[in-house]
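Sequence lines, in order, name chains A and B. Numbering-wise (numbering that gives the first Met the number 0), the first sequence opens with residue 0 and increments by one. Numbering-wise (numbering that gives the first Met the number 0), the second sequence opens with residue 0 and increments by one.
None of these hints come from the bench; they were simulated from the model. There may be inaccurate statements among the hints.
[Claimed, not checked] Derived SDA-like pairs: lysine to any residue, alpha-carbon spacing no greater than 20 Å straight-line:
#	chain 1	residue 1	chain 2	residue 2
1	B	K1	A	N144
2	A	K60	B	G312
3	B	K1	A	P23
4	A	K124	A	T103
5	A	K60	B	R307
6	B	K1	A	P118
7	A	K60	B	A398
8	A	K60	B	A397
9	B	K1	A	Y138
10	B	K1	B	G312
11	B	K1	B	T294
12	A	K60	A	P23
13	B	K1	A	T103
14	B	K1	A	H140
15	A	K196	A	D213
16	A	K60	B	E400
17	B	K1	A	L102
18	A	K137	A	G149
19	A	K137	A	G148
20	A	K60	A	G70
21	B	K1	A	K196
22	A	K179	A	G134
23	A	K196	A	D163
24	B	K40	B	R264
25	A	K145	A	N175
26	B	K1	B	E292
27	B	K1	A	L117
28	B	K1	A	G116
29	B	K40	B	M258
30	A	K196	A	S69
31	A	K124	A	H140
32	A	K60	B	L402
33	B	K1	A	G149
34	A	K60	A	T17
[Claimed, not checked] Under 8 Å between C-beta atoms, here's a sample of chain A residues computed to sit facing chain B:
#	residue
35	L52
36	H53
37	D59
38	A79
39	A82
40	Q83
Yeah, the Cβ is synthetic: ideal placement off N, Cα and C, and Gly gets one too.
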Amino acid sequence: MRTEAVVEARELHKVYVTGSVRTPALNGVDVTLSRGEFAAMAGPSGSGKSTLLHLLGGLDKPTSGEVLVSGAPISALSRAQLAQLRLRHVGFVFQAYNLIPVLTVLENAMFVLELQGLPLARRRKQALAVLAELGVDKYAHQFPNKLSGGEQQRVAVARAVVSDPAIVLADEPTANLDTKTSLDLIDLMRRMNEEHKTTFLFATHDTRLLDRVDRVIHLEDGRIARDERVR
Amino acid sequence: MKAALRHLLRGRRRTILAALAVFVPVFLLVVFLGMIGGMEKEMFASLTGFDTGHFQIRRVSDRPAGNALPLIRDPAPLLSLVDASDDVAWYTVRLDLPALAAAGGRSLGVVVQGISPAEATFHSPLARAVRAGRYLEPGDEGVVVGQQLLDALGVSVGDELILLGAHPQGAAGVALPRVVGTFTIPDPALGRGLVQVDLGVAQRLARTAGITAIVGYVRDVDGPWDAPRIVDAVARIRAQLPEGYEILDWAALAPESEMYLRIMRPITVAFMVAFFFLGGLVVLNTLYLSVLERTRELGIMLALGAPRRYVTGQVILESGLLATGAAVVGAVVGLGFVLGVEAAGGLPLPGAYEVGMALFGIEPLLRMRITAAEVVLSAMAMVAVAMAAAWYPARRAAALEPLETMRHAD
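Bound conformation, chain B alone (with noise of 0.2 Å):
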């Protein structure tokens, strides 16, 4: 072991080298975890939050026209059931439809969302998202919509929109509500299609006392990661559900979102291997220059009567020093970077990200999220491929004929 030091430090070039070629993939694997873990976190977010909830349950029937979901017209014995459920942390109900948003000679197509704004204030991220004005209180006779589409009618906070709806199953209905806020969200397809008013305002609207869907968010779900907990309180919800009646998952609700998310890691770590493959190589050619340096060296070893296992040992545990010592810094900076950027709430990403983020439904802020685990395992990862790249030399150094290298050395 103390040998084995000493020959790092000794050749401190070589050494800093092998090590940069352990830590940088090390480095760059947590840190591309750590972006890859906060992406998922903030699409998971903004899909469910925004869009699908965690599931949602509805009427199983064929569509009716104008693509809006069939009505639920009496939702109280699944909103007891709902709400008898461990599992769920949170719902609402929501009544979405199909609805001309006009003001000022100009009109937009939207869907109006009626929610319950008990629950939502406190839960929605769209509330959260209200930058002018305020969210929608209980009973509240008024709109909150999203920027683009406030600058695309041309009106502002305080003006009235108008809002032409209707429900194939209902009727057709309008409101004039005021715009009492707007909210600001990444996604500009949902920020020029999304307007969300009281329950009561949408049902006024569809003339019907129904909903289209129960929304649920399960307890104790961080990202897509959690999704089993998600597959698990929905096949507990289903085995209770009456005739008539579906619970989808996000997963359902939005698969190609999902798809998107269940890909992305592995294409990530599939660039990884190939950073790793390198670094590797980086390894076994300082290794083996380092076994060259050393031919008179190990030479003498083997002429006094060390076991070629013995030598074979010395290669690979200066090997093995080398690259545990480069992993454990790379996981722990890497570490240190993704535990900084979050505790800075996100690195601000240039303003060319914005559009592809978007696409995402994400804002152009670098966030970052990893697990222990995944730490853990990126250095492990690194020592593996270190140690198999140090098999070659740490062999070609038992091989060594003693007698070779000491007419070789003198």
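Chain A on its own, in the form it takes in the complex (with noise of 0.2 Å):
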């Protein structure tokens, strides 16, 4: 059976120029994520991981190559069609949360939502009940300075998966967290994606992480040295 692809990178290349010094981040990376997959980057650092999930959420433009979400090539994208597409079909979740902070939990988990023109009734229902499958729906009305880095990370993951998109690219998500909670994160983002089939791909060098994965891309000098399944 053919599954369907999310996200696809074709013969992707990234300098990055500064003056008269180019230094290449990606060497031609070919990768494919389908609709389901929990799969995530592993590598030392500068090894590319940031760059490509950057590259695959819209959030940059590569050298060469191209990028498709959901089939459509992005790369000639104007920066208004990219803020659209980063809106309509890719969720980010961040090291450092990056919650608003003048915005409480509901609201920020709403703000995509918002964004996206939903009527109130409706985002603050759909909002409400990712909150609570998060189980970070008691602090709907706190603003993010008043809550862990874990529950924190939790209403990232909300605001993330709130609108249902293609797929959720998550930068080092438990970089800044303890184990335990860490764990519980990476279970809860798990239970999402089989529950909802939501696409996850993380970029990490965490190995709790990289144990409850499904599958493993290993970069080195902005290549893809090994792509392997592991569950």
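Dock chain one against chain two, each of which comes alone in its own frame, and use the hints as you go.
Written as structure tokens, this is what we have:
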């Protein structure tokens, strides 16, 4: 049976240019993520994990090569079109949580839905459901700075998955969390992946996370060194 | 909206600084406009009340020698005309004569104004300026003089004054009226150079039954801003004037004062534009710092897919809320100050201002007057300046690269 590709990278190259210095970050990466995958990119610092994550999420543009999200090429999209793509198809989880400090937990979770133009009642219902699923609905009316790191990251996950995106890209989501909190968070994301078929791709060093994903893509010097199914 | 309000509350010190940058110019503008309005009203009242009236009807001819106005020997048809006009609130007749006032071996050149006390008692500001004795009564044989003239001649209320007057178209005469009252007015030239007597006394002095002018006041005129009403009324009366007579409005009778009143407001507004510009710069600087502080947050919004116009809108909304709030408070406090000063009957100014204010014929008393439109416009103008100042930080926020911001933030 052919699985649906949600994100594809074809012969991706990325070179950062600072003055006359050219720093290659990706050197021809081909990778495809299918719907419902729970995958991670691993590799040493500077191997290109974050760069690839940003290119796949439309946060940056490749020097050459192509990225397809839900089958549509995105390299030629304008900034405004890329913003729309991120809004409609991609969820992000960041290492530093990056919640909006002046919005409550519920408002943070509803933020993307508000940008999508959903009516208040619907976005409130949808956001509360996801917050409940992640066990943070009791903090709905609190501001993020009142929450622990683990709780904030759960809210960040809620914000990423609330609009049912094609893929959730998470950059070192457990790096700032202790072991128990990390494992709990990973289990929650795993459950969302299994129950909703949400596709997750992590960029991580964290072996606790690497032990729980289905697929690990090893990057070295901007290339895929190994792409293995681990479960 | 909620987020913008919370931002403002989160950065309280910054918000207070930016709010002050809006509040202060609006407050000052309302107060300054109030002062200008008060000065304009006082100057206009002094000028038209003591001297020109809103208009004067005179005989057209080359001025007789001695700088006297030509005589109107038969004012009856003109008085009927003015009497019939719906525009005219009240009027009086005047016979102005160049004269010499003398007492106790001292003498001074004055203008003797023969007036009709019946009307003037109720309407003339000079009647209200009498501080000692009383004002003229119909058929009065006495004279009212300025305190400055009284001091210069060394006489008191009840003393006799020698008036030696003449009109080039009449004849010379002498009158010996008693001083029945003294008036105190801010303009020392008028206080020293103007005496008022009953029209009959003046006519006997010049040996004529004529007058030199009909001085009229137009209905519903409160200050120079109502000048168009005077212009219209004058035009209507002019159309009916018999040949050989002219009607001059206050602006034609005192062109220097009219010009001063006309340029006072634009000059003040020009100063206020500078205030607004400085206020705008503080708002710009504060919002710019706010955007810098929120680089990460705005970058996250962009990363999550917020359109650039959303981010621009957030910054503009924040500045709009701040500017509107501060401008409304500034306008209300300014209006409260103006109304408070007026309710207290004006604020006395230090003595140093006495001479300066007297040049404009007004007392050293800060009077204020402002209209609702001026208050609203002051607030709206500053909101517009603040919004314009917010434009650059808003554009800068929208131009952020989400990835760069997050790298910077992490």
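Comparing the hints with the structure gives:
no., hint, in the structure
1, K1(B) / N144(A), "holds, 17 Å"
2, K60(A) / G312(B), "violated, 26 Å"
3, K1(B) / P23(A), "violated, 44 Å"
4, K124(A) / T103(A), "holds, 15 Å"
5, K60(A) / R307(B), "holds, 18 Å"
6, K1(B) / P118(A), "holds, 17 Å"
7, K60(A) / A398(B), "holds, 16 Å"
8, K60(A) / A397(B), "holds, 19 Å"
9, K1(B) / Y138(A), "holds, 18 Å"
10, K1(B) / G312(B), "holds, 13 Å"
11, K1(B) / T294(B), "holds, 19 Å"
12, K60(A) / P23(A), "holds, 14 Å"
13, K1(B) / T103(A), "holds, 10 Å"
14, K1(B) / H140(A), "holds, 13 Å"
15, K196(A) / D213(A), "holds, 13 Å"
16, K60(A) / E400(B), "holds, 12 Å"
17, K1(B) / L102(A), "holds, 8 Å"
18, K137(A) / G149(A), "holds, 14 Å"
19, K137(A) / G148(A), "holds, 16 Å"
20, K60(A) / G70(A), "holds, 17 Å"
21, K1(B) / K196(A), "violated, 34 Å"
22, K179(A) / G134(A), "holds, 15 Å"
23, K196(A) / D163(A), "holds, 9 Å"
24, K40(B) / R264(B), "holds, 12 Å"
25, K145(A) / N175(A), "holds, 17 Å"
26, K1(B) / E292(B), "holds, 19 Å"
27, K1(B) / L117(A), "holds, 18 Å"
28, K1(B) / G116(A), "holds, 17 Å"
29, K40(B) / M258(B), "holds, 15 Å"
30, K196(A) / S69(A), "holds, 15 Å"
31, K124(A) / H140(A), "holds, 14 Å"
32, K60(A) / L402(B), "holds, 11 Å"
33, K1(B) / G149(A), "violated, 26 Å"
34, K60(A) / T17(A), "holds, 16 Å"
35, L52, "violated, 11 Å"
36, H53, "holds, 6 Å"
37, D59, "holds, 5 Å"
38, A79, "holds, 6 Å"
39, A82, "holds, 5 Å"
40, Q83, "holds, 7 Å"
When the structure is compared with the earlier hints, violations turn up for hints 2, 3, 21, 33 and 35 and for no others.
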